[in-house]
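All chains should be built: construct the whole structure from the sequences, respecting the hints.
2 protein chains.
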Amino acid sequence: MTALLTQNEIDQALATLDGWSRSGSQITRTFVLPSFPAALVFTCTVGHLAERADHHPDILVTYRKVTLTLSTHSAGGLTRKDVDLAGEINAVV
Amino acid sequence: MTALLTQNEIDQALATLDGWSRSGSQITRTFVLPSFPAALVFTCTVGHLAERADHHPDILVTYRKVTLTLSTHSAGGLTRKDVDLAGEINAVV
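Residue numbers (my numbering), protein chains in the order written: chain A, 1 to 93; chain B, 101 to 193.
The set of hints was computed from the structure by calculation and includes no laboratory data. Warning: the hint list may mix true and false statements.
With a straight-line cut-off of 25 Å between C-alpha atoms, the simulated DSS-like cross-links for lysine-lysine are [what the hints assert, rightly or not]:
id : chain 1 : residue 1 : chain 2 : residue 2
1  : B       : 165       : A       : 81
2  : B       : 181       : A       : 65
3  : B       : 165       : A       : 65
4  : A       : 65        : A       : 81
5  : B       : 165       : B       : 181
Pair by pair, the computed Cβ-Cβ distance ranges are [said to hold, decoys possible]:
id : chain 1 : residue 1 : chain 2 : residue 2 : range
6  : B       : 144       : A       : 91        : 20 to 26 Å
7  : B       : 174       : A       : 18        : 32 to 38 Å
8  : A       : 19        : B       : 151       : 22 to 28 Å
9  : A       : 63        : B       : 141       : 16 to 22 Å
The beta carbon of each residue, even a glycine, is placed where N, CA and C say it ideally should be.
See below:
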């Protein structure tokens, strides 16, 4: 099982993850796209990265806003998987 | 502006909309797809219908579950737009 991150490790990771914030055992970021179709394309891009990583964020599309929420449910909190996928997503914005 | 539906009209519509239920001023349905990629494809299909109708549900993807929530915010509740789009979505399931 992937190890839970310590508070210090989470703080260090968030310092490098533009736009992401912690909410309990999750990290979340809302992306505002130019349009609803653009939000859909972004959702599919995130989905591709998620499937490749075998790690899947919750994805909420509200018109042209896409809110992603990451947590490692099997570990009961935040792990390297969450931080890594957040970084990959930020890299395609 | 599109007219709000009466309680009776909403009840009649829901009787024909398999799987949809009312929650206050919204209607919602959760679809369970075979996989996460299938959930993404379904999300894009819903998005296409939404864009065509110029009426956009909130879309929540949690792994292979897709929860759609429809309301006509400009009218402050449920209108024919919500019922019509729910019907179109059900037709492609």
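Now for the hints, and whether the structure bears them out:
1. Of the pairs offered as hints, the one joining residue 165/B and residue 81/A holds, with about 21 Å between alpha carbons and a cut-off of 25 Å not exceeded.
2. Between residue 181/B and residue 65/A the CA atoms are separated by roughly 21 Å; this keeps the pair inside 25 Å, and the hint holds.
3. A threshold of 25 Å between alpha carbons decides the hint, and for residue 165/B with residue 65/A the separation of about 19 Å falls inside it, so the pair holds.
4. For the suggested pair residue 65/A and residue 81/A, the alpha carbons sit about 24 Å apart, so the restraint of at most 25 Å is met.
5. With a C-alpha separation of about 24 Å, the suggested pair residue 165/B and residue 181/B falls inside the 25 Å cut-off, and the hint holds.
6. Separated by about 23 Å at the C-beta atoms, residue 144/B and residue 91/A satisfy the suggested range of 20 to 26 Å.
7. Evaluation of the 32 to 38 Å hint for residue 174/B and residue 18/A yields a pass: the beta carbon distance comes to about 33 Å.
8. Here the CB-CB span from residue 19/A to residue 151/B is close to 26 Å, well matched to the stated 22 to 28 Å.
9. For residue 63/A paired with residue 141/B, a C-beta distance near 20 Å keeps the hint of 16 to 22 Å intact.
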